[in-house]
Amino acid sequence: MIFPYKEVNPSISRPIIPIVVKSDNVFILYDGLIDSGADYSIFSLEIAHRLGIKLSNKNATHFMGVGKDEVSGYWGNIDIRVAGIIYKTRVIFARISDFGHGILGQKGFFDQFDVNFSLHKQTIEITPVKATH
Amino acid sequence: MNGGQKKINPLENKNRNQLKYNTMKAIDMKAIYANKNYKGNWVAMQDFETKPRVVAYAKTLDEVLKKAKEKGFDMPLVTQIPKKVLPIVGPFVFK
Numbered sequence: 190m191i192f193p194y195k196e197v198n199p200s201i202s203r204p205i206i207p208i209v210v211k212s213d214n215v216f217i218l219y220d221g222l223i224d225s226g227a228d229y230s231i232f233s234l235e236i237a238h239r240l241g242i243k244l245s246n247k248n249a250t251h252f253m254g255v256g257k258d259e260v261s262g263y264w265g266n267i268d269i270r271v272a273g274i275i276y277k278t279r280v281i282f283a284r285i286s287d288f289g290h291g292i293l294g295q296k297g298f299f300d301q302f303d304v305n306f307s308l309h310k311q312t313i314e315i316t317p318v319k320a321t322h
Numbered sequence: 002m003n004g005g006q007k008k009i010n011p012l013e014n015k016n017r018n019q020l021k022y023n024t025m026k027a028i029d030m031k032a033i034y035a036n037k038n039y040k041g042n043w044v045a046m047q048d049f050e051t052k053p054r055v056v057a058y059a060k061t062l063d064e065v066l067k068k069a070k071e072k073g074f075d076m077p078l079v080t081q082i083p084k085k086v087l088p089i090v091g092p093f094v095f096k
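Chain order of the listed sequences is A and B. Here the numbering used here is used: the first residue of the first sequence is 190, the next is one more, and so on. Here the numbering used here is used: the first residue of the second sequence is 2, the next is one more, and so on.
The shape of chain A in the complex, shown without the other chains:
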C-alpha cells in the first residue's frame, strides 16, 4: 500500500501514516511517523490511558532525546492495524508531545512491513512481511 508524505511546514515533509491502535473495544485512529532510526515504537501515554492498557512500574523504561532530559516510559502490549493488517506488538508509552505523532520503529513496525521511502515521489510503500495474526 502506498501512502503520501505529510508536509508539516514549507521545508519539512515527513513519512507520517494513519494507523489504528486498539484494545478490546476502543479504537483510535492515530498518526505515526515511520522512523527506521528508532529501535522501538513509541506512542503517547494518553493513548494507553484511553485504551485502558494497564502500565506498571515493573515495565518502566527510560530513554533520552538528543540534547534533552531523560524521559520515562512504560512497555505495554497493543493491537495495531495498518493498511488492513492487524498485529499484536509491544511498544513504549511515554510523554512525547514534543513530537506530536507516534513513532513507528524497528520493533512494532519494521518487523511487520518492508518499507520503501521516496522523498522525491513523496511516497511511502509498505508491504507486509508475514501472515496476519
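The calculated lysine-lysine pairs, modelled on DSS-like cross-linking and capped at a C-alpha distance of 25 Å, are:
id, chain 1, residue 1, chain 2, residue 2
1, B, K68, B, K37
2, B, K84, B, K31
3, B, K70, A, K211
4, B, K40, B, K60
5, B, K67, A, K243
6, A, K211, B, K67
7, A, K310, B, K31
To be clear, the hints were calculated from the coordinates, so they are not data collected in a lab.
Starting from the known structure of chain A, fit chain B onto it as the hints suggest.
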C-alpha cells in the same frame, strides 16, 4: 561518438512526464501545524487522506475525542501538534 548508444537526457519531456506520473502529492498539514490555537494541543481531523480539516482540538486526548464525538465524528484521526516544528534528527537514545 558513443558507439551508437543514445544518451538519455533526464530532462526530456517524456522522462519528466514519467516522474510526474509516479509522484504523489504530499498531504498538506502546514496550516494545521502553524495554527496557534492547535500548538501544544491534540487535534481531531476528518478528510485526512486528502485535505485534512480539524473538527476539534483540546489539551487532552480524552477531551478532543469527546468534542469530536459531540459534533458527530466517531473516529477522527488524532495527533498532537507540537509547540514548535523542529527538524527531528535521530530522536531517541536508550539508557
